[in-house]
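The lines below spell out each chain.
2 protein chains.
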Amino acid sequence: MTLIPPATIGMPLAEVDTPCLLLEMDAFERNVQRLAESLAGSRVKVRPHAKSHKCPQIAMRQLAAGAVGVCCQKVSEAESLVAGGVRDVLVANEVVGRMKLQRLAALSRQAKVAVCADDADNVRDIDAAARDAGVVIDVLVEVNVGANRCGVEPGEPALRIAQAITACRNLRFAGIQAYQGAAQHLRGVEERRAAIASAAEKARTTKALLQKHGIACEKITGAGTGTYLFEAASAVYDELQPGSYIFMDVDYARNDWTESGIPRFEHSLFVWTTVMSRPASDRVVVDAGLKASSVDSGMPRVADVPDAEYLKASDEHGVIQLKGATLALGDKLKLIPGHCDPTVNLYDYFVCIRNGRVEALWPITARGALL
Amino acid sequence: MTLIPPATIGMPLAEVDTPCLLLEMDAFERNVQRLAESLAGSRVKVRPHAKSHKCPQIAMRQLAAGAVGVCCQKVSEAESLVAGGVRDVLVANEVVGRMKLQRLAALSRQAKVAVCADDADNVRDIDAAARDAGVVIDVLVEVNVGANRCGVEPGEPALRIAQAITACRNLRFAGIQAYQGAAQHLRGVEERRAAIASAAEKARTTKALLQKHGIACEKITGAGTGTYLFEAASAVYDELQPGSYIFMDVDYARNDWTESGIPRFEHSLFVWTTVMSRPASDRVVVDAGLKASSVDSGMPRVADVPDAEYLKASDEHGVIQLKGATLALGDKLKLIPGHCDPTVNLYDYFVCIRNGRVEALWPITARGALL
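Chains as they are written, first to last, in our numbering: chain A, 4 to 374; chain B, 4 to 374.
The following block holds chain A by itself, in its conformation from the complex:
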């Protein structure tokens, strides 16, 4: 089941086979640096979301830049990250099911592992798995702070879950997960700022209620690339979970960033593709379609060629309209993915590029880690 990689170390970019996933190392490193600089002097900690990259090499670089650990969404992602050297992982999500909880408990023997919960029965299931494995697991209550996905409502419902956690002998209550995912792609800065102000208030009042009931809340964690400086400035959040900042994508680029204070992260992630057909003078077809770039948040954008628009994707083809640009059969192009996370999940390697050459191939070891 092992596929031949699209490149070898030292190969010039022009020779790298397509479609593949390029990571422009200088831009990537600047993004990592910019995030750290933007939080210099702040008391909040960074725990980047590894669901975006699924790659231990990237996680280790985020940790080297000051992150306290990483987040992920799946137990199998956590396993992959721990196998790659990460020692502190928050599964920023609910984990439901006996097999997954067994795996989570087993993993907590190898690394510091935490998980979220929004249901009292599930809390007791996590406890049972922890007891069977002879471990203690950190559990955070996930509170719905406006995204209306998972999570209990703020206040009393959250208190009841926190009490369920503290009642379990093999669990330790570790705080509040308060991620406002729906805010990340609100286009206007003030819309995003207002959504986070509301989320922070819900988290703050919930923490106060817990404290009133004798439950110390050691941290409130959340935030994404679109808003993290607002959470940082809230005096409520203790930990930030941005993921996409290392790559950026077309969807995030549509946000207004002016006067947000958030650095202009650069596009560092690209789908490398070849012109494989020239059916008309104003249209070419490239070899990167739905299986090479996720279109859930819109089409990819052609980088570096201003007069070319990626119009539509089918399974293995992308149709590019030329509005003045000239492209020849065999020409290779960079596409900026519409949405970085599900695009990364289509690939086995980051082809790491510096100064126009392949510096490394980083395996995306949690690619397909769905369990």
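Worth double-checking, as some hints may not be accurate.
Note: identical chains are not told apart, hence a pair may lie in one copy or across any two.
[Said to hold, decoys possible] List of simulated lysine-lysine pairs, DSBU-like, C-alpha gap at most 35 Å:
1) Lys-115 <-> Lys-326
2) Lys-315 <-> Lys-337
3) Lys-222 <-> Lys-335
These are computed hints drawn from the structure, not numbers from a lab.
Using the hints, position chain B against chain A.
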């Protein structure tokens, strides 16, 4: 980089971990049988498209049911299928680039391999690769019969490519690729029938022009699940390339099939998912999102639970609205994917189910085969 599979042989379905990809074997086998029966007595041959399944075990069952070979879209898919035992593969697509052509030529030492072309320079590149490898490669000219993606225009432009192929010593002209992809999801039967009548006429006149110029056209190949009986009835097509019929999906289910003559293929492919959160009385969240079911052609549909609608997907979550249905935390559901091909490409295994138990795990060896 090997992930733990979601099931073991013999396991009851209820225990299979989620999200994973289920193949209901009885329905799958009936689909394979129905396609063969629907063409009984016809002179046309079947060459199913393996881009849908990317799995040698499925290809071998299609061959056992009478297929003359399979199609795929990528050289790396062809390698994977040949490694799995397939002896006759048509890359029903253009292959551009030195490395890919080297691999194609090398593969043609192990199996009968054919490829499409729509550009004379590319034809000469294929010839050079074949010469370097000491092989002769079958090349078909791809003609644009209405899909407006790849392919040269019918008539004179197609003739010129065919002449370029016949002029090459290490290539053999093998016919016309005439796939009308845009017709497959036209909803009305008569719309689809008319699109294929037009495509067939373009292929027929092109074949006649080639013959007038002394170029024998041994086959015209094309067709998909939405239309294949129309191509079969055209007296023009010699070979059919349906792919999705083995699985079906939500998008194909939207087609009108009444009086098309095409059998009602059953849904055999499902995403198995768990209710991981119950945030409201009318809403649950399942653990299958964008990374578990491609949404390019719309949301997945909840199978077997009539009063539940999959409303929206984020990376690892799906929100299901309950319209009377009751679902508990931990309940497992089958989702019918919106679009089967890119969904299959997200998984490493088909979990093959018969009578509610795991009969086999079939590796999707060409998953991620993008080159």
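Results for each hint:
{"no.": "1", "hint": "Lys-115 <-> Lys-326", "result": "neither (53 Å within a copy, 41 Å between copies)"}
{"no.": "2", "hint": "Lys-315 <-> Lys-337", "result": "both (16 Å within a copy, 30 Å between copies)"}
{"no.": "3", "hint": "Lys-222 <-> Lys-335", "result": "between (47 Å within a copy, 33 Å between copies)"}
The structure is inconsistent with hint 1 alone, although it conforms to all the rest.
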